[in-house]
Amino acid sequence: MMKKVSAWALKKSPWIYRLNSGACNACDIEVIAALTPRFDPERFGCLLKASPRHADVLVITGPVTMQISDRFKRVYDQVPDPKVVVAVGSCCLTQGVYEGSYSIVGPVDKVIPTDVMVPGCPPRPQAILDGLLRSFSILQEKRSRS
Amino acid sequence: MQPETAIILLLRFLAIILFSILFGFFLSWVERKLTARMQGRIGPPYYQPLADFLKLILAKEDLTPSSSSVSLFTIAPIASLVTVALAMLFIPLNSVAPTLSFTGDVVLVFFLLTASTFMTMLGGSASSSPFGAVGASRLMTQTFAFELPLFISLTSVAIQSGSLSLFRIVDYQLANGALFWTLLPATVAAVLCIPGKLSLAPFNIPNAQTEIVEGSLTEYSGAKLGLFYLANAIEWFVVTSLIADLFFFISVGNWFAGVLLHLTICLVLAIVVTTIKASTARLRIDQALRFYWVGVNILALLGLALPFVWRSIG
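These protein sequence lines are chains A and B, in that order. Per the working numbering, residue 72 is the first one in the first sequence, and the count goes up by one each step. Per the working numbering, residue -12 is the first one in the second sequence, and the count goes up by one each step.
Warning: the hint list may mix true and false statements.
Here are a few chain A residues that face chain B, going by a calculated C-beta distance under 7 Å [stated by the list, open to error]:
no., residue
1, L81
2, K83
3, A104
4, P108
5, G116
6, A121
7, R124
8, R145
9, D148
10, P151
11, D152
12, T165
Just so you know, these hints were derived from the structure itself, not from any lab. Just so you know, even glycine gets a beta-carbon here, dropped at the ideal spot from N, CA and C.
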C-alpha cells in the first residue's frame, strides 16, 4: 500500500534537472522549447529544478567530453534514488558528428546508466516530451520493483 | 489538568494542523495553477502539492553532504516545521477561538514565523554549500526588509484595538467593524509584505533559481526537503490567515459560515499575491530593501498615525 502510494507520487511529481555534457546547444534549445508554456510539462507535475539534489529525472544532452566526465558522474551521484536518465539527441546515443574526436569519452551510457534515449539531431520538442513521459513510467516501475 | 481535557486539546492540535496542511496545499496549488493560467499554460492538477510532498517523504533517498554540519542540517527542517505549525495554533478562524491564546500572542506568532525563516537560514548555512550560504544571507536581508513595515502595521492594529491578543483584536473588529477601512494604509503595507515573507516574485531573491540555484535548500533532498515543503505550505495558510484576522474580520452569525468566510479571504489574498507574482520580475536585494524600507514603510507609518487621528476626531 505504502509502496503503491509512493510510486504514484513519484510518477505524478517528477522534477527535472538538465545537464549539458558537451552538446552543441541545439538539443538544449529543443529541451527548453519542450519546457515552454506551449508544451507545459507542469501539467504532468514536472518542475525544472536547478539543484540535482531535488531532481528525479536527469535530462542529458550531448556526448560526454573528457573535461566533464568526472563531474558528470558526481552530478549523477548527487541525484537521490530512485532516478531516471533521459538522453536527448543523437550524440548521447552514438556520439553523432563527434565520433572519433580526441576529446570525447563516449556516448552517455558508457559513463552512467541510461533509461530513455530520444534520437534526433536535434529531436523535436514533442519527441522529448514523449521521452520524458516514458521516463516517468520507468520511475514508477523502479519504485514498485525496489 | 484532567487527562480527558489534555486528550481533547491534543486532538484539537492535530485536527487544526492537519487542516492547515491541507488548506496550505490548496493555497500553494492555487498559486501554481493561477500562475500557469496567466502564462497560457494548463498547470498542475489539484493533487500536485500532495504528490510532491508524498514523493519527497516516502519515495526519495535522503542525502546529507559529508562536509555539512550534520546535526544542524537535520534539526533545521524539523524546527522550521514545528515553529510554523505552532504559530497555526494561535490563529483564530473568524469567530472560532484559537486552540491557544493569551495576551501578547500576536508577538509570539510573529516571532514563530520569523523563527521558521531563521531555521531555513540555519539549514542553508549548515549545508556547507556556497549557494546555501548566499541564499541564507539574502533571506536574512529580506527578512530585515519586510519585517519593519509588517511590525509597524501590526503596532497600528494593536493601538487601534487596544490589545496584543489576536482573539481580542478579532473581538474588537466584531464590535467596531473590520480594521480594513480604518487602517487602509497599514492593510496595504501588510499585504505587500506577504510576497516578501513567502519569497514570491518580485521578492524571490533568496531562492532565485537562475542566480543561486535553490538558495538555502540547495543541498536538501528527500524527507528533509519534504519537511521544508510542508512548512512552506502551512506558512501560506498562517500568513494569509494572520492578515485576514488582523484586518479583514467580517462578522457572520454562524461559526461554520465564519470559517468559510475566513478561508475565502485567505484565498483572495493568495490570488492577489499570485497576480503580483505572475506579473513581475525579480528585483535585486537592494531594490527590495529600498521598496520595503521607503515605499511600504511610509504606508505603514501613515497607518500608525491613523489611530491617533481617529481618536482626536472622536
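Structure-based check of all given hints:
1. The interface hint given for L81(A) is met, as the beta carbon of that residue sits about 4 Å from the closest beta carbon of chain B, less than 7 Å.
2. Satisfaction of the interface hint for K83(A) is found here, the shortest Cβ-Cβ separation to chain B being roughly 4 Å, below the 7 Å cut-off.
3. About 14 Å separates the beta-carbon of A104(A) from the nearest beta-carbon of chain B, more than 7 Å, and the hint is not met.
4. Interface restraint check for P108(A): the shortest CB-CB distance to chain B comes to about 4 Å, inside 7 Å, so the restraint holds.
5. The interface hint given for G116(A) holds, since its Cβ lies 6 Å from the closest Cβ of chain B, which is under the 7 Å cut-off.
6. Interface restraint check for A121(A): the shortest CB-CB distance to chain B comes to about 4 Å, inside 7 Å, so the restraint holds.
7. The beta carbon of R124(A) is positioned within 7 Å of a beta carbon in chain B (closest approach about 4 Å), and the interface hint is therefore held.
8. For R145(A), the interface hint is violated, since its Cβ never comes within 7 Å of a Cβ in chain B; the closest pair sits about 12 Å apart.
9. For the restraint placing D148(A) at the interface with chain B, the shortest Cβ-Cβ distance is roughly 9 Å, beyond the 7 Å limit, so the hint is violated.
10. For P151(A), the interface hint holds, since its Cβ comes within 7 Å of a Cβ in chain B; the closest pair sits about 4 Å apart.
11. Nearest Cβ of chain B to the Cβ of D152(A): about 4 Å, under the 7 Å cut. The hint holds.
12. Annotation: interface hint on T165(A) violated; nearest CB of chain B at approximately 32 Å, more than 7 Å.
Hint violations for this structure: numbers 3, 8, 9, 12, all remaining hints satisfied.
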